[in-house]
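Following this note's numbering, the numbering of the sequence shown begins with 3 at its first residue and continues without gaps.
Source of the hints: derived by calculation from the structure; they are not laboratory data.
Computed from a predicted structure; not experimentally measured.
The beta-carbon is built from N, C-alpha and C at its ideal position, and this holds for glycine as well.
Among the hints, a few may not be true.
To be verified - So the derived label-pair ranges between C-beta atoms look like this:
{"id": "1", "residue 1": "Thr107", "residue 2": "Pro64", "range": "46 to 54 Å"}
{"id": "2", "residue 1": "Pro64", "residue 2": "Ala22", "range": "24 to 32 Å"}
{"id": "3", "residue 1": "Ala103", "residue 2": "Ser23", "range": "20 to 28 Å"}
{"id": "4", "residue 1": "Glu59", "residue 2": "Ala92", "range": "22 to 30 Å"}
{"id": "5", "residue 1": "Leu109", "residue 2": "Pro64", "range": "16 to 24 Å"}
{"id": "6", "residue 1": "Lys30", "residue 2": "Gly99", "range": "17 to 25 Å"}
{"id": "7", "residue 1": "Pro64", "residue 2": "Ala112", "range": "24 to 32 Å"}
{"id": "8", "residue 1": "Gly85", "residue 2": "Glu62", "range": "43 to 51 Å"}
{"id": "9", "residue 1": "Ala22", "residue 2": "Met60", "range": "32 to 40 Å"}
{"id": "10", "residue 1": "Glu62", "residue 2": "Arg118", "range": "17 to 25 Å"}
{"id": "11", "residue 1": "Met102", "residue 2": "Val20", "range": "33 to 41 Å"}
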Amino acid sequence: MSERGRLRTDEVAAVLDVSASTVIAHTKGGLLRTTRTPGGHRRYDAGSVRELARVLEMPEGPERDAEMEALRLRNQARHDADGQAWDALARYCEARGVTMASVVTPLVEAEVQRLREAGELP
């Protein structure tokens, strides 16, 4: 696994026994949750991969189709909630006349330090 519960595209392809292009198609179709590294590479949430693997193991048919749609809807709701959180942070910063970076940077630095102390980052 690449980093703390995040998988690379090739790792997801191996888990799901599909090609990397199929993984990306599943992502674009809303079936997998992903983030991007600072370099622009996709990293997949391990829980999201497990959810999709469970659905893909089901026999084809209406029940599987319903599970696929439910998975898409759950992922969309999570995506929307993330966007709402960022919007709320932007409103908070604007109301106080501060930048988002001035609020987020200390939090990120503290998390990086914690991960280094835990040996999870170099």
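Structure-based check of each hint:
no., hint, verdict
1, Thr107 <-> Pro64: 46 to 54 Å, "holds (49 Å)"
2, Pro64 <-> Ala22: 24 to 32 Å, "holds (29 Å)"
3, Ala103 <-> Ser23: 20 to 28 Å, "violated (36 Å)"
4, Glu59 <-> Ala92: 22 to 30 Å, "violated (41 Å)"
5, Leu109 <-> Pro64: 16 to 24 Å, "violated (45 Å)"
6, Lys30 <-> Gly99: 17 to 25 Å, "violated (39 Å)"
7, Pro64 <-> Ala112: 24 to 32 Å, "violated (48 Å)"
8, Gly85 <-> Glu62: 43 to 51 Å, "violated (33 Å)"
9, Ala22 <-> Met60: 32 to 40 Å, "violated (23 Å)"
10, Glu62 <-> Arg118: 17 to 25 Å, "violated (47 Å)"
11, Met102 <-> Val20: 33 to 41 Å, "holds (37 Å)"
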